[in-house]
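Undergrad: Sequence:
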Amino acid sequence: MIAEEKEPKETASVEKRAKRKKKIRIVLVLLILLMMIPVFLRVTQVQVEGNQYYTEQEIEDLVFPDSFSRSPLLIFLNGRLGNYREIPFVQKYRVTLTGLTSAKITVYEKSMVGYVEFMGSCLYFDKDGMVVESSKEHYGSVPKVTGLQMDYIVLNQKLPVVDDVIFQELLQMTQYFSSTMITFGDMESDMISLVDGIHFDSHENVSCTIGDIEISFGSGEQMEGKLQEMHDILPKLYGRKGTLHLETYDETVTEPSYVFRNRE
Numbered sequence: 003m004i005a006e007e008k009e010p011k012e013t014a015s016v017e018k019r020a021k022r023k024k025k026i027r028i029v030l031v032l033l034i035l036l037m038m039i040p041v042f043l044r045v046t047q048v049q050v051e052g053n054q055y056y057t058e059q060e061i062e063d064l065v066f067p068d069s070f071s072r073s074p075l076l077i078f079l080n081g082r083l084g085n086y087r088e089i090p091f092v093q094k095y096r097v098t099l100t101g102l103t104s105a106k107i108t109v110y111e112k113s114m115v116g117y118v119e120f121m122g123s124c125l126y127f128d129k130d131g132m133v134v135e136s137s138k139e140h141y142g143s144v145p146k147v148t149g150l151q152m153d154y155i156v157l158n159q160k161l162p163v164v165d166d167v168i169f170q171e172l173l174q175m176t177q178y179f180s181s182t183m184i185t186f187g188d189m190e191s192d193m194i195s196l197v198d199g200i201h202f203d204s205h206e207n208v209s210c211t212i213g214d215i216e217i218s219f220g221s222g223e224q225m226e227g228k229l230q231e232m233h234d235i236l237p238k239l240y241g242r243k244g245t246l247h248l249e250t251y252d253e254t255v256t257e258p259s260y261v262f263r264n265r266e
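Just so we're aligned, residue 3 is where the sequence shown starts under my numbering, counting upward by one.
Rather than coming from a laboratory, the hints here were simulated on the basis of the structure.
As the structure is a computational prediction, the values presented were derived from the model and not from experiment.
The C-beta atom is built at its ideal place from N, Cα and C for all residues, glycine as well.
Honestly, I wouldn't trust all of these hints.
What the hints assert, rightly or not - Have a look at the derived ranges for each label pair, beta carbon to beta carbon:
1) Gln174 to Arg265: 43 to 53 Å
2) Glu119 to Val167: 20 to 30 Å
3) Arg265 to Phe78: 32 to 42 Å
4) Ser136 to Gly101: 53 to 63 Å
5) Gln174 to Thr245: 13 to 23 Å
6) Gly122 to Glu206: 41 to 51 Å
7) Glu58 to Lys25: 26 to 36 Å
8) Arg87 to Thr256: 18 to 28 Å
9) Asn207 to Thr256: 54 to 64 Å
10) Asp63 to Tyr110: 33 to 43 Å
11) Ser104 to Asp165: 14 to 24 Å
12) Thr98 to Asp165: 40 to 50 Å
13) Phe120 to Thr185: 47 to 57 Å
14) Ser104 to Thr245: 30 to 40 Å
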């Protein structure tokens, strides 16, 4: 049997094709490895912005409840598909990858100006009186409203307050508090975060509490002026305990005087 001897050119061509296939296999392996990296990586550094009702850690835990949810690949896909979890008190949120293991969560919380307790739940409403959230627990720093007469409450509908006059007074107060800044002590903030409660009594008189200070407005007449007077007087009462009486407010009086009754 006589073996045929391959030509040098043919041998070189075979070796060249073998090397090319080897390079292709190496490139494919590298590509597969690169594609697998995001699957096994996990986001460990998280920046949160826009949160008020939740702490940064609470937001992080709600958005990333387990290790798999921290996968950069899953985060990217969820972002493209708009596949986000529902979070109480949050209108929407966005997760942006800032690196292979870092991300930023931008939170857009629901606008709430107060809450009422009804049948064991806290029901939060916005500046228009629309009930936007229900929870068994109290979150955030919006005031608790008491003394309203309601037979039922439905989520995503307006508070069904029996007396519409009182309802309008409530909206006027909460809208003012949420849009007005005040310096109280060393802190400047919107008033809604300082007001602990708003109360209506059986005679349709209204009052609110800020820390150890109660502000008694009396009836809802000339409420805009009463609220402005409260805003101007409050900084002088920081650190004190008692009741500020604004029932006698009269917009025609240019230099009014009011009584503050101290309480031990």
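Undergrad: Does 33 to 43 Å hold as the CB distance between Asp63 and Tyr110, or does it fail?
TA: 18 Å, violated
Undergrad: With respect to the beta-carbon atoms only, verify the hint that Arg265 and Phe78 lie 32 to 42 Å apart.
TA: About 58 Å separates the Cβ atoms of Arg265 and Phe78, which means 32 to 42 Å is violated.
Undergrad: Taking the CB of Arg87 and the CB of Thr256, does the distance hold inside 18 to 28 Å?
TA: Since Arg87 and Thr256 have Cβ atoms about 56 Å apart, the given range 18 to 28 Å is violated.
Undergrad: Is 13 to 23 Å respected by the C-beta to C-beta distance linking Gln174 and Thr245?
TA: 21 Å, holds
Undergrad: Between Gly122 and Glu206, is the Cβ distance one that fits in 41 to 51 Å?
TA: 27 Å, violated
Undergrad: A range of 30 to 40 Å was offered for this pair. Does it hold for the Cβ distance of Ser104 and Thr245?
TA: 51 Å, violated
Undergrad: Falls inside 40 to 50 Å, the C-beta gap from Thr98 to Asp165?
TA: 47 Å, holds
Undergrad: So the hint says 20 to 30 Å: do the beta-carbon atoms of Glu119 and Val167 match that?
TA: Holds, at about 22 Å.
Undergrad: Confirm or reject the claim that Gln174 and Arg265 have a C-beta distance inside 43 to 53 Å.
TA: 27 Å, violated
Undergrad: How does the Cβ-Cβ distance of Asn207 and Thr256 compare with 54 to 64 Å: does it lie in that range?
TA: At 26 Å between Cβs, range violated.
Undergrad: For the range 53 to 63 Å, tell me whether the beta carbons of Ser136 and Gly101 fit it or not.
TA: 38 Å, violated
Undergrad: Go ahead and decide if the range 14 to 24 Å is satisfied by the Cβ distance of Ser104 to Asp165.
TA: 53 Å, violated
Violated hints for the displayed structure, listed by number in ascending order: 1, 3, 4, 6, 7, 8, 9, 10, 11, 13, 14.
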